[in-house]
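Protein chains: 2
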Amino acid sequence: MKLTPQQLEQFDREGYLFFPGLFTREETKVLNDAVPELYARREAYNVREKGSDAVRTNFAAHLYSEPFARLARHPRMVQPVVELFGEDVYMHQFKINGKMAFEGDVWQWHQDYGTWLNDDMMPTERAMNVAIFLDDVNEFNGPLMFIPGSHKRGVVDAKHDLSTTSYPLWVVNNELVSKLVERAGGKEGGIVSPQGPAGSMILFHSCLVHASSSNLSPWNRVSVYLSLCAVSNHIRRHKRPEYIAHRDFAPIACLPDDCLLKDYPVDLPWKNGMPASALATSPEPLDQIKEAA
Amino acid sequence: MKLTPQQLEQFDREGYLFFPGLFTREETKVLNDAVPELYARREAYNVREKGSDAVRTNFAAHLYSEPFARLARHPRMVQPVVELFGEDVYMHQFKINGKMAFEGDVWQWHQDYGTWLNDDMMPTERAMNVAIFLDDVNEFNGPLMFIPGSHKRGVVDAKHDLSTTSYPLWVVNNELVSKLVERAGGKEGGIVSPQGPAGSMILFHSCLVHASSSNLSPWNRVSVYLSLCAVSNHIRRHKRPEYIAHRDFAPIACLPDDCLLKDYPVDLPWKNGMPASALATSPEPLDQIKEAA
Numbered sequence: 001m002k003l004t005p006q007q008l009e010q011f012d013r014e015g016y017l018f019f020p021g022l023f024t025r026e027e028t029k030v031l032n033d034a035v036p037e038l039y040a041r042r043e044a045y046n047v048r049e050k051g052s053d054a055v056r057t058n059f060a061a062h063l064y065s066e067p068f069a070r071l072a073r074h075p076r077m078v079q080p081v082v083e084l085f086g087e088d089v090y091m092h093q094f095k096i097n098g099k100m101a102f103e104g105d106v107w108q109w110h111q112d113y114g115t116w117l118n119d120d121m122m123p124t125e126r127a128m129n130v131a132i133f134l135d136d137v138n139e140f141n142g143p144l145m146f147i148p149g150s151h152k153r154g155v156v157d158a159k160h161d162l163s164t165t166s167y168p169l170w171v172v173n174n175e176l177v178s179k180l181v182e183r184a185g186g187k188e189g190g191i192v193s194p195q196g197p198a199g200s201m202i203l204f205h206s207c208l209v210h211a212s213s214s215n216l217s218p219w220n221r222v223s224v225y226l227s228l229c230a231v232s233n234h235i236r237r238h239k240r241p242e243y244i245a246h247r248d249f250a251p252i253a254c255l256p257d258d259c260l261l262k263d264y265p266v267d268l269p270w271k272n273g274m275p276a277s278a279l280a281t282s283p284e285p286l287d288q289i290k291e292a293a
Numbered sequence: 001m002k003l004t005p006q007q008l009e010q011f012d013r014e015g016y017l018f019f020p021g022l023f024t025r026e027e028t029k030v031l032n033d034a035v036p037e038l039y040a041r042r043e044a045y046n047v048r049e050k051g052s053d054a055v056r057t058n059f060a061a062h063l064y065s066e067p068f069a070r071l072a073r074h075p076r077m078v079q080p081v082v083e084l085f086g087e088d089v090y091m092h093q094f095k096i097n098g099k100m101a102f103e104g105d106v107w108q109w110h111q112d113y114g115t116w117l118n119d120d121m122m123p124t125e126r127a128m129n130v131a132i133f134l135d136d137v138n139e140f141n142g143p144l145m146f147i148p149g150s151h152k153r154g155v156v157d158a159k160h161d162l163s164t165t166s167y168p169l170w171v172v173n174n175e176l177v178s179k180l181v182e183r184a185g186g187k188e189g190g191i192v193s194p195q196g197p198a199g200s201m202i203l204f205h206s207c208l209v210h211a212s213s214s215n216l217s218p219w220n221r222v223s224v225y226l227s228l229c230a231v232s233n234h235i236r237r238h239k240r241p242e243y244i245a246h247r248d249f250a251p252i253a254c255l256p257d258d259c260l261l262k263d264y265p266v267d268l269p270w271k272n273g274m275p276a277s278a279l280a281t282s283p284e285p286l287d288q289i290k291e292a293a
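Top to bottom, those sequences are chains A and B.
UniProt numbering puts the first residue of the first sequence at 1, with every later residue one more than the last.
UniProt numbering puts the first residue of the second sequence at 1, with every later residue one more than the last.
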């Protein structure tokens with residue numbers, strides 16, 4: 001899979017690329033079938049919705065679940081990002097977001113890179129968000145919404161919202177969202193929402209302002225969100241636990257294209273539980289960085 | 001405006017009829033311009049969103065606001081309902097729902113007639129919901145969602161939800177919603193969401209199961225929701241305050257078709273405030289009904 005000049009131009013202009021049905025139903029099913037058992041676990045890496053037992057987000061499944069470990073090394077996902085950055089990438093964050101039928105709550109308008117910069121001391125925006133649909137996505141089950149072109153603003157002001165949902169988020173204020181939407185075309189394209197079958201993939205810029213509504217429909221909208229960071233751009237601080245912001249900066253080595261359907265061996269370092277070190281955090285920048293400075 | 005046989009058949013089958021752009025931009029503007037002043041009032045008839053100052057729903061504006069008093073007598077709205085019922089109608093409920101930009105919260109899946117039956121002792125389903133868009137409605141500003149054909153089930157079991165939002169609602173359980181959506185076509189039409197410009201109107205059956213999502217967009221979605229009840233079907237109990245469930249069962253006398261643009265005189269009984277009697281309630285059925293029984 002090689003991106004076309006049109007795609008490269010579109011990514012630069014809009015801040016995202018949509019690949020409907022990139023993975024087959026059969027491939028997606030392997031992943032989706034593994035979710036209930038992961039969500040049932042009572043572990044720190046499962047964050048549940050406010051006032052509900054439904055999982056909002058699961059972290060780091062690629063370290064303890066074979067199907068997701070294979071997805072984390074899938075060439076159809078990794079190679080376009082390597083191509084866009086012109087550099088190897090490592091896995092900065094790996095989430096399976098629930099947005100479950102009837103229970104899935106909103107994600108307020110936010111950028112991801114702001115958090116990575118402020119909390120993780122990631123030097124630049126050279127990290128890519130990847131969303132892979134494990135369920136069909138339609139207008140009723142709380143799809144992702146983007147403000148096209150909003151990534152061009154770089155990191156914008158944000159407020160730490162600790163109360164709206166169960167997961168704290170640096171949220172862009174309403175006035176700025178209004179301005180960005182207006183500039184992107186207002187009611188004519190100022191908000192877009194890529195929708196399509198399970199197996200679809202979105203690549204989106206780490207500064208693209210995005211949100212999603214609640215899911216009142218009877219249909220789950222489980223998605224995998226991965227953040228692939230250019231290796232040279234690795235984080236400089238471990239202020240957040242390792243299951244949220246990963247500390248292994250080794251380049252991803254891809255498996256063959258059929259890896260979701262065949263049992264290629266994968267390493268599962270957290271198969272028997274998270275190590276205590278994964279919860280250890282520090283407000284100080286990494287030693288080697290301090291020494292190099 | 002006369003309904004066609006196709007429209008009558010569609011209403012019977014689907015439980016709703018959509019009239020995009022029935023009122024002009026000019027007519028809608030007259031109404032929308034009157035909303036901020038009404039919403040600013042600190043009165044019992046303004047219910048605000050949970051944890052926010054944004055108005056979720058305003059009651060009974062037709063009793064104290066000239067533009068809305070005229071809308072309540074508009075032939076384009078009233079006559080199709082009279083035609084469907086074959087009988088004069090009175091105003092049972094009159095709401096201006098906010099669903100304000102960024103602030104508008106969900107309305108859970110519910111039917112309206114269940115409440116009217118249980119609280120107000122309305123004898124039959126011969127009351128019609130009318131929604132009139134005061135803002136453009138799109139997939140991003142929390143549009144109404146219907147389950148087509150769900151009205152055929154009559155009144156279904158519901159649970160009184162006092163906690164999800166600021167307004168208590170008799171809510172249909174998730175399992176039944178799933179079944180109704182599946183029966184209506186699942187992902188192929190099991191949920192529908194009429195969207196269109198300000199001035200559009202929807203008529204929908206009082207047993208049609210409906211909901212709406214939160215509004216994360218920068219666009220208000222203010223709508224007028226009226227409930228027109230066949231005069232012979234008037235409520236038999238005043239368990240709810242008069243500003244919520246009206247007690248004047250006189251047939252609506254329509255104004256001319258241009259009434260939103262010309263200053264026809266209208267009666268505004270609550271112009272100088274709500275009378276104390278409007279807050280008086282009783283769990284007993286109306287005396288005259290008891291005598292007649």
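Read the hints as simulated data drawn from the structure, not as lab findings.
No experiment lies behind these values; they were computed from the predicted model shown.
Among the hints, erroneous ones may be present.
[Stated by the list, open to error] Just the calculated beta-carbon pair ranges, DEER-fashion: (1) 269/B to 51/A: 37 to 45 Å; (2) 51/A to 179/B: 33 to 41 Å; (3) 186/A to 166/B: 27 to 35 Å; (4) 154/A to 269/B: 35 to 43 Å; (5) 42/A to 83/B: 56 to 64 Å; (6) 41/A to 173/B: 21 to 29 Å; (7) 155/A to 183/B: 45 to 53 Å; (8) 44/B to 247/A: 31 to 39 Å.
Here a beta-carbon is modelled for each residue, glycine too, at the ideal position from N, C-alpha and C.
To see whether the hints hold, each was checked on the structure:
In this structure the supplied range 37 to 45 Å holds for residue 269/B paired with residue 51/A, their Cβ-Cβ distance being about 42 Å. In this structure, residue 51/A and residue 179/B break the distance hint of 33 to 41 Å, their C-beta atoms being roughly 25 Å apart. With their beta carbons about 30 Å apart, residue 186/A and residue 166/B fall inside the hinted range of 27 to 35 Å. In this structure, residue 154/A and residue 269/B break the distance hint of 35 to 43 Å, their C-beta atoms being roughly 57 Å apart.
Taken as a hint, the range 56 to 64 Å holds for the pair residue 42/A and residue 83/B, whose Cβ atoms sit roughly 59 Å apart. Restraint check, residue 41/A to residue 173/B: a C-beta distance of roughly 27 Å satisfies the suggested window 21 to 29 Å. At roughly 48 Å, the beta carbons of residue 155/A and residue 183/B sit within the given window of 45 to 53 Å. The hint said 31 to 39 Å for the Cβ distance between residue 44/B and residue 247/A, and at roughly 56 Å that hint is violated.
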